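Given chain S's structure and the hints, the job is docking chain L onto it.
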Amino acid sequence: MAIDRIFKDEASEEKGERARMASFVGAMAIADLVKTTLGPKGMDKILQSTGRGHSVTVTNDGATILKSLHIDNPAAKVLVDISKVQDDEVGDGTTSVVVLAGELLREAEKLVAAKIHPMTIISGFRMAAECARDALLRKVVDNKADAEKFRSDLMKIAMTTLSSKILSQDKEHFAQLTVDAVMRLKGSTNLEAIQIIKKPGGSLKDSFLDEGFILDKKIGIGQPKRIEDAKILVANTAMDTDKVKIYGARVRVDSMSKVAEIEGAEKDKMREKVQKIIAHGINCFINRQLIYNFPEELFADAGILAIEHADFDGIERLALVTGGEIASTFDNPESVKIGRCKLIEEIMIGEDKLIHFSGVEMGQACTIVLRGASHHVLDEAERSLHDALCVLSQTVNDSRVLLGGGWPEMVMAKEVDELARKTPGKKSHAIEAFSRALLTIPTIIADNAGLDSAELISQLRAEHHKEGCTAGIDVISGSVGDMTELGISESFKVKQAVLLSATEAAEMILRVDEIITCAPRRREDRM
Amino acid sequence: MAATVASQPRSSKTESYIDNKRKEDIRHANIVAARAVADAVRTSLGPKGMDKMISTASGEIIITNDGATILNKMEVLQPAAKMLVELSKAQDSAAGDGTTTVVVIAGALLKQCLLLLSHGIHPTVISDSLHKASVKAVDVLTAMSVPVELSDRDSLNKSASTSLNSKVVSQYSTLLAPLAVDAVLSVVDPAKPNMVDLRDVKIVKKLGGTVDDTELVKGLVFDKKVRHAAGGPTRVENSKIAVIQFQISPPKTDIEQSILVNDYTQMDRILKEERNYILGMIKKIKATGCNVLLIQKSILRDAVTDLSLHYLAKAKILVIKDVERDEIEFITKTLNCLPIANIEHFRAEKLGYADLVEEVSLGDGKIVKITGIKDMGRTTTVLVRGSNQLVLDEAERSLHDALCVVRCLVGKRFLIAGGGAPEIELSRQLGAWAKVLHGMEGYCVRSFAEALEVIPYTLSENAGLNPITIVTELRNRHAQGEINSGINVRKGQITNILEENVVQPLLVSTSAITLATECVRMILKIDDIVTVR
Chain S
1 MAIDRIFKDE
11 ASEEKGERAR
21 MASFVGAMAI
31 ADLVKTTLGP
41 KGMDKILQST
51 GRGHSVTVTN
61 DGATILKSLH
71 IDNPAAKVLV
81 DISKVQDDEV
91 GDGTTSVVVL
101 AGELLREAEK
111 LVAAKIHPMT
121 IISGFRMAAE
131 CARDALLRKV
141 VDNKADAEKF
151 RSDLMKIAMT
161 TLSSKILSQD
171 KEHFAQLTVD
181 AVMRLKGSTN
191 LEAIQIIKKP
201 GGSLKDSFLD
211 EGFILDKKIG
221 IGQPKRIEDA
231 KILVANTAMD
241 TDKVKIYGAR
251 VRVDSMSKVA
261 EIEGAEKDKM
271 REKVQKIIAH
281 GINCFINRQL
291 IYNFPEELFA
301 DAGILAIEHA
311 DFDGIERLAL
321 VTGGEIASTF
331 DNPESVKIGR
341 CKLIEEIMIG
351 EDKLIHFSGV
361 EMGQACTIVL
371 RGASHHVLDE
381 AERSLHDALC
391 VLSQTVNDSR
401 VLLGGGWPEM
411 VMAKEVDELA
421 RKTPGKKSHA
431 IEAFSRALLT
441 IPTIIADNAG
451 LDSAELISQL
461 RAEHHKEGCT
471 AGIDVISGSV
481 GDMTELGISE
491 SFKVKQAVLL
501 SATEAAEMIL
511 RVDEIITCAP
521 RRREDRM
Chain L
1001 MAATVASQPR
1011 SSKTESYIDN
1021 KRKEDIRHAN
1031 IVAARAVADA
1041 VRTSLGPKGM
1051 DKMISTASGE
1061 IIITNDGATI
1071 LNKMEVLQPA
1081 AKMLVELSKA
1091 QDSAAGDGTT
1101 TVVVIAGALL
1111 KQCLLLLSHG
1121 IHPTVISDSL
1131 HKASVKAVDV
1141 LTAMSVPVEL
1151 SDRDSLNKSA
1161 STSLNSKVVS
1171 QYSTLLAPLA
1181 VDAVLSVVDP
1191 AKPNMVDLRD
1201 VKIVKKLGGT
1211 VDDTELVKGL
1221 VFDKKVRHAA
1231 GGPTRVENSK
1241 IAVIQFQISP
1251 PKTDIEQSIL
1261 VNDYTQMDRI
1271 LKEERNYILG
1281 MIKKIKATGC
1291 NVLLIQKSIL
1301 RDAVTDLSLH
1311 YLAKAKILVI
1321 KDVERDEIEF
1331 ITKTLNCLPI
1341 ANIEHFRAEK
1351 LGYADLVEEV
1361 SLGDGKIVKI
1371 TGIKDMGRTT
1381 TVLVRGSNQL
1391 VLDEAERSLH
1401 DALCVVRCLV
1411 GKRFLIAGGG
1421 APEIELSRQL
1431 GAWAKVLHGM
1441 EGYCVRSFAE
1451 ALEVIPYTLS
1461 ENAGLNPITI
1471 VTELRNRHAQ
1481 GEINSGINVR
1491 KGQITNILEE
1501 NVVQPLLVST
1511 SAITLATECV
1521 RMILKIDDIV
1531 TVR
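Chains as they are written, first to last, in the numbering used here: chain S, 1 to 527; chain L, 1001 to 1533.
Hints in this document: simulated from the structure, not taken from any laboratory.
Restraint-style ranges between C-beta atoms, simulated for each label pair:
no., chain 1, residue 1, chain 2, residue 2, range
1, L, Thr1371, S, Thr50, 55 to 63 angstroms
2, L, Gly1492, S, Ile476, 44 to 52 angstroms
3, S, Asn143, L, Ser1118, 45 to 53 angstroms
4, L, Glu1075, S, Arg461, 49 to 57 angstroms
5, S, Lys110, L, Asp1025, 25 to 33 angstroms
6, L, Pro1147, S, Thr329, 55 to 63 angstroms
7, L, Ala1479, S, Lys84, 57 to 65 angstroms
8, S, Thr329, L, Glu1149, 53 to 61 angstroms
Within a straight-line C-alpha distance of at most 25 angstroms, the following computed SDA-like cross-link-like pairs (lysine to any residue) qualify:
no., chain 1, residue 1, chain 2, residue 2
9, S, Lys84, L, Asp1528
10, L, Lys1132, S, Ser168
11, L, Lys1297, L, Asp1322
12, S, Lys353, L, Glu1396
13, S, Lys217, S, His309
14, S, Lys15, S, Asn73
15, L, Lys1412, S, Phe208
16, S, Lys225, L, Lys1202
17, L, Lys1048, L, Gly1464
Only a predicted model underlies this, so the values are computations on that prediction, with no experimental measurement involved. Even for Gly, the Cβ is constructed at its ideal location relative to N, Cα and C.
For reference, chain S alone in the conformation it holds in the complex (with noise of 0.2 angstroms):
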């Protein structure tokens, strides 16, 4: 009883088996909060802040309602991190790496309770990854070659990935405009060149991808509302007087008429300024601050298109995609890179004027305007073009494809089965589990579509004991289809970071022997 307490008040200690039980418990309890939204007949979930104005999201995306999700357990937070780093690596298959992870701790639990040592698992787990990952590398195709096939490819995958979500009815509308827009990409995974502008009103049908660039702003009045061959300076500058930023400067004049002075002379250095803006030879300029009125008429007279209080991410963009630079001073007209289109025009969509960019230097640009029922459907409606967007920008560059709906977990499930046969030791208990929670994802996808899983997964097996099997469950029908026919493909990227990260999260909450909770701090009272 010497060392009765080493950690301060509240601080707790869980050790051994109940440190364990308690990481398992928590990454599952996450898993089985996502598994319902997995595959082409997932179900959406209700975001519900419970802060100010209790904003509403629905979603399909699993990495939207795990970073959204008030989380205690360590072990669980775990999961929402990999499913965060897969949404920044590759871009779908979020929910899938949190559901592998979670079926494989369930497993893993099975094996502990059998007194197999979990150094013993995670080297079985090891085993079976890596040789998963070799099952999928010998069954890649990759069409990179061909452009005709390589495009349909990527066609096949967007139709996949969108399927799964609310723009599952117009996948193959969505899948050309987000093919057509990775296209233009080059190869570059530049996703910033891709600009999604939400407007409500009509229906996801009426969306489109257009060449160029919309800003939602709007022109200044008496300006010139079409402009061919622009000449963009994109500026983020004050354009009132300029003001000394001491506080309490002030003028002590002794007559009316030099007030007036003084007001001629803050005129005149708008003027100046903006005369020095003019000089850059532009005939259209873009502020990120606002423009006021006399400034605006200058312009005018000038016969320049000035457009003011853009935002931030519009500007950047902008500039960006019209290949200037961000200005703020306007001394040295020739160190300015001024941006070029070869057409600004103002256009309208739904109920709302915008001005539209067209020919921008930066060919790869383009900007999906998105249109729907309601902001939940649009915000859905992003959410999910970003999803597909990722995946193919990821698969311009490695052109790897896999069939899907299945297809790879039951290839790979097969290929760890045979190792664990040929495995001796322990080690063959933590393989073969490996296996069978590979299978799960099959699985979860017939159950969430309400079909018979274990009749469908058995045939399915059966399928693939045949060499050279395209077998995967076709959701739409409810029973065993041929993947090539229906044209369903993965890329291969998403689903290696799936296997690896799913993998490596599992091992890493297998190794928790101990979790120390900190004593909480006092002031956060968070009820």
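Here is chain L on its own, set in the frame of chain S:
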């Protein structure tokens, strides 16, 4: 099956089990909440629908029949119910009218969905079938529609008055409908014949008089008084109008300034200088021949001072101050002039010309009218009058709906019968189509068809008719091929609704169906509510 699984005790976390209870509960709760919202607005549907009185948290009272407004003011918290509010907003922005219809259809669809779910049909199957049915429904509606030409003013009037008939101002529909048509048609740009920007139609509300006095003004109307403290003119013919964004008052710098006065003579000099300064400005203005000034509101300094008003009056210049910055664009577009931001730039070519600028007394207030504008832009102003604020507001909302209806027709030039005729016809054709389909789909499509009958049902119910007799008779008529039979609420019987001049734009009906379906599908797909930060 699900019940037995759920009733098993949760022995261990590791056992895989499927707990569907919670999901079903959530879905059920969502549907019930959304339907409650739909029921709340149901009674305001149709020409004999009732109004709602809403008392807001700030004590303001609104009486309205407009679904979008009612839902907007209702502070719903349940997430699914919120989605219905959003739905109504979406219809408002897409078509402008039919905001109640869309919510009522969504409510009816949800009711049918509940039934289908209880039969154990998977939500995604229902959702897919609903989508198919809605696509088919749009086809059917398009097939039913009659093309209309913009030159056919009669048809446009009819559809505008159909929209107005369900509002408080229905007795004025003969006045308001042609007014709405005129207003929209006058702003249609021949270059872009399918686009109408309703911001080009300005609605000015003025208390007093009755809705009868509402008029369309070819020109501009300001709900402001002319500044004539110093006896300036209130009526100017052959006016030259300047829109200025500077102020006619003593100078003021952006940087803080103070004038040091040492003795009395200096004071005198300053006063004189001030006078000269203002006089100088006014002379410059007068030199261009300008005789009407519209001054933009400024927060920094007074637009005019008594002194400048005095000089302006002497120069016979009419002054209107405090014009909002947002309105400048509309004004300059209408007057075909340019705003002037500095006295140095005050040139004759920036002025606008009008035959008459006049202050008119209306009720307890005064307004300024600018008419006979030379080279007027494609804008219109509607002056709405009403005997009290509530009527005035409702009249504005109704007029907005009517304007939207006409705009829909400009965008998509098809008309469709009203009075529940399209819904019954849809229901009949989809019902027939459902019989051809296989499996669950057919079953779900049939439910969709049944749900659509809610519109004629509610219409007749709200009109105090026997809904069952009416709906069954309607079905019967439609089965015999009278596809334009609908409920004539005024006569309380079924007639050919096209002959009764009850028509609405196709866009209103199609967008109501598609938007309602989209919303219902979204609610169906939700299986959990997670509270987050």
